[in-house]
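Protein chains in written order, with the working numbering: chain A, 1 to 601; chain B, 1 to 303.
Honestly, the hints are just simulated from the structure, not real lab data.
Think of the CB as a built atom: it goes at the ideal place given N, C-alpha and C, for glycine as much as any other residue.
Keep in mind that a hint or two might mislead.
Unchecked claim - Straight-line distance between alpha carbons at most 30 Å, and here's what the computed DSS-like set of lysine-lysine pairs gives: (1) A:K91 x A:K109; (2) A:K440 x B:K203; (3) A:K440 x B:K158; (4) B:K127 x B:K203; (5) A:K440 x B:K31.
Said to hold, decoys possible - In silico negatives: residues of chain A with every beta carbon more than 10 Å from chain B: (6) D127; (7) R130; (8) D216; (9) A393; (10) R422; (11) Q426; (12) L436; (13) L586.
Said to hold, decoys possible - Covered stretches of chain B (in silico footprint by chain A; criterion: 3 or more residues with CB under 8 Å from a CB of chain A, positions within the stretch not fixed): (14) 208 to 214; (15) 261 to 267.
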Amino acid sequence: MSAPLALEVVDLRVEIDHGNHEDIVDGISFRVAAGEVLGLVGESGSGKTTVGLAVLGHTRRGARVARGEVRIEGRDILPLPALERQHLRGKLVSYVPQDPASSLNPALKIETQLDETLSAHGFGSSDAERRARIVEALAEVLLPSDETFLRRYPHQLSGGQQQRVALAMAFANRPRVIVLDEPTTGLDVTTQAHVLATVRDLCSAHGVAAVYVSHDLAVVATLADRVAVMYAGRIAELGPTATLFRQAAHPYTRRLVEAIPEMSGQHALVGIPGTAPRPGHRPSGCFFAPRCAYVQDECTTAEPPLERVSDEHEVRCIRHAAVLRDAATARIAATPRPEIGVEDALVAVIGVNASYGTRQVLHDVELVVRPRECLALVGESGSGKTTLARCVAGLHTSYTGQVSFRGKELPAGSRSRDADTRREIQYVFQSPYNSLNPRKTIAQIIEQPLRHFFSIGGSDGRGRVRGALDRVQLSTTCLDRYPHQLSGGERQRVAIARALVAEPQLLVCDEVTSALDVSVQAAIIDVLAELQRELHIGLLFVTHNLALIRTLSQEVAVMSEGRIVERGRVDDILDAPKADYTKKLLSDTPSLEAALAAATG
Amino acid sequence: MTDVAVADAVEIDLDERRRGPLRVLFSAAWKQHRTKIGLGITLLLVGIAVFGRLVAPYEPDQGVEGLLPFAPPSSDAWLGTDALGRDVLSRFLYGGLSVLVLSGVATAIGMSLGITVGLLAAYSRGKLDDLLMRTMDVFISLPSIVLALLLAATVGPKLWLLIIAVALTTMPRAARITRGAAAEVVERDYVRAAEAIGIPRRKIILSELLPNVSSPLIAETTLRMSFNVGVVAGLSFLGFGLQPPAADWGLMINENQNGLTLQPWPVLLPIIAIALLTIGTSLVGDGLARAAIGIERGRTGGE
């Protein structure tokens with residue numbers, strides 16, 4: 001590499017600071033050159049955030065760095081006293097957190113926050129000098145820097161703007177290294193594309209080495225020069241982005257790439273069975289062995305070393321030769337979608353106008369969900385798609401126009417609808433962290449609709465509860481657990497199971513995968529597709545992720561600013577979009593294939 | 001530079017959280033010294049108040065033969081006699097139950113009313129919310145002593161009046177805490193999910209809202225109890241509680257205050273007991289409140 005080395009992590013180990021001192025991450029080594037972006041990819045719990053924080057010389061409560069070096073421009077920052085390390089943060093190495101809404105101080109104006117960042121590190125000698133830098137820093141992240149903007153508070157900015165302010169704060173002191181922890185997770189695709197472009201431009205323009213932590217491979221493929229894939233606290237594979245995704249040498253990387261939904265629908269989604277082992281529960285030998293299709297006896301005896309496949313491509317798998325041979329064969333072909341005849345509409349929305357207070361969010365919306373089919377409702381955040389879904393489910397009442405279900409018009413609120421309708425239309429909420437009562441066990445949560453609709457409870461209901469859990473591929477051992485003891489994906493399955501016991505005709509799914517990891521996303525989509533196929537449940541699938549819908553839906557409606565701009569068969573819309581808005585949405589969606597094509601082309 | 005303290009200790013504390021939410025609260029509270037000390041003090045005083053009468057050497061309302069009023073401690077009366085020549089120790093051992101029961105009943109009634117009002121206000125929002133909470137504001141402006149004086153002046157000193165006066169002053173604070181905690185829970189999607197399938201409102205309030213505000217309410221109940229012990233003892237001292245010759249800690253202070261220099265025990269003993277009971281319950285309440293905040297932050301409390 002020609003550019004000078006900015007960051008070098010050598011044999012880093014972070015462990016739990018009590019009990020048996022089990023490692024959270026171990027044997028982490030990588031280098032990042034000035035101006036280069038390294039993608040750090042992994043599922044939740046893989047240790048990617050732990051590594052990201054260690055680059056800042058920081059660990060979470062209850063963890064400590066046990067071994068290793070973090071060299072920034074040649075100097076190891078880990079042995080420095082805490083106060084000195086703290087002083088380096090923001091100046092030499094800085095951090096952009098996942099959620100800008102909670103990282104910005106809600107009580108301080110934008111200008112005050114930026115000024116604090118600068119003065120804390122003694123930047124500039126005068127107010128005027130700092131003011132000039134604030135204006136410059138905001139311009140770099142493409143934000144206005146006029147007086148009215150500087151005087152705003154964080155809540156007066158959009159999510160994208162907040163994240164840009166966080167970026168401006170991170171870049172303000174011109175650091176050498178920057179750690180970005182999933183900074184685009186909460187943003188819609190268009191905003192995400194802009195923020196990513198800004199990050200890339202800033203890093204290359206100012207020679208900043210970036211570590212980009214993410215679970216989204218498509219985003220990383222768009223942005224990173226090289227990628228490190230983490231699994232259960234180890235770097236499983238490290239290499240240049242194109243090499244890594246095209247010729248993955250680690251079975252885990254291959255499965256991850258296969259789990260990414262592609263808009264062109266060239267391959268079926270494959271979830272990864274099982275979950276990543278947590279610290280203290282890791283198997284002997286290779287940690288991925290229990291989930292691996294390539295597993296041999298030798299895999300379970302000793303932890304595999306990091307081997308060099310080619311010049312810049314390293315992998316921690318003793319069977320990488322076999323994996324590479326298979327990579328040459330094509331991706332798994334998609335199963336053909338079953339043809340479904342056109343019958344009367346399951347749901348028809350006709351001329352609906354809806355508003356929040358005085359603000360109108362839906363304008364004359366029309367759409368149709370056919371029985372047994374899935375209609376994907378696609379749009380950016382704020383386009384009104386959730387409001388429309390809530391009108392159908394009876395959760396949003398202030399609308400005019402007609403919503404009919406199986407040919408009969410529905411009253412607006414769920415309380416004014418009859419019990420059968422309430423049972424037949426079930427709603428699955430966006431965040432499984434928010435939709436399950438934390439004080440009830442999983443059994444109690446799933447039993448609630450049973451008791452309510454069928455007056456079945458206790459042992460009689462258990463059979464149905466187990467059946468529903470089976471449908472969503474959850475083990476019955478979770479029946480007596482509380483929601484906080486389950487992972488996000490498991491909770492979302494519980495939410496789907498709760499909807500299923502009511503024996504619905506229509507399942508309204510509001511962004512049900514947006515809070516989940518990619519491998520989990522794929523599995524949830526699998527579950528929904530199976531419900532549609534086997535139980536003949538109609539789906540209204542609300543999403544901002546265009547890439548998800550080809551696998552699941554037959555039809556798609558695209559929404560923008562409260563209006564349906566285009567609707568039709570999925571293939572027609574995705575392959576030949578007519579509306580400008582759809583074209584823009586398609587081109588903004590990060591795609592692994594497009595990113596790789598651009599990298600090689 | 002933004003703070004990078006990530007409040008995500010779940011990965012490490014997973015085993016700590018494999019239990020029901022209330023058990024997590026209690027065990028997090030128990031980990032703090034203040035809770036243990038507070039519980040020890042409280043149990044000691046509750047023990048004295050409930051079982052003390054079984055070991056009392058004399059009947060509480062009879063004089064000790066051969067001893068004058070305000071007699072100093074002796075072998076016949078270990079802590080001396082009071083203004084009417086009765087055994088101080090016996091009166092002390094009998095006199096705690098009334099304080100405990102009156103403040104306990106008043107706290108229970110006040111908290112129940114307050115929780116009901118708070119949950120109704122939070123769930124209904126809108127006009128009913130305003131009406132209920134403004135009514136609570138009116139109540140909160142009346143000090144319990146003044147309210148008791150007012151009621152006693154119209155009806156005369158009755159025990160149920162004392163309970164009502166204390167309960168009514170407990171209610172608005174309980175209502176505010178409940179509404180504050182529940183207002184956030186009302187916005188959660190699991191409430192929306194219950195509404196979507198048409199679960200009756202009363203059931204939503206009881207099974208979706210109430211369990212999710214129980215942690216702050218348990219802490220608040222203990223703190224209110226602590227406060228009410230003082231109020232009840234104060235009202236007894238002023239003569240609104242039990243009437244002579246009954247044995248009651250508040251009454252003991254009142255009856256014997258003139259002899260403080262001659263014989264301090266009949267005044268000091270109930271004062272110390274009331275103070276300790278207040279301190280003990282408020283330490284427990286404080287421990288619970290800290291644990292509740294700690295759990296809210298994703299950790300398991302403690303210092």
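> Where does the structure disagree with the numbered hints, that is, which hint numbers, in rising order?
Replying inline: 3, 9, 10, 11, 12, 15
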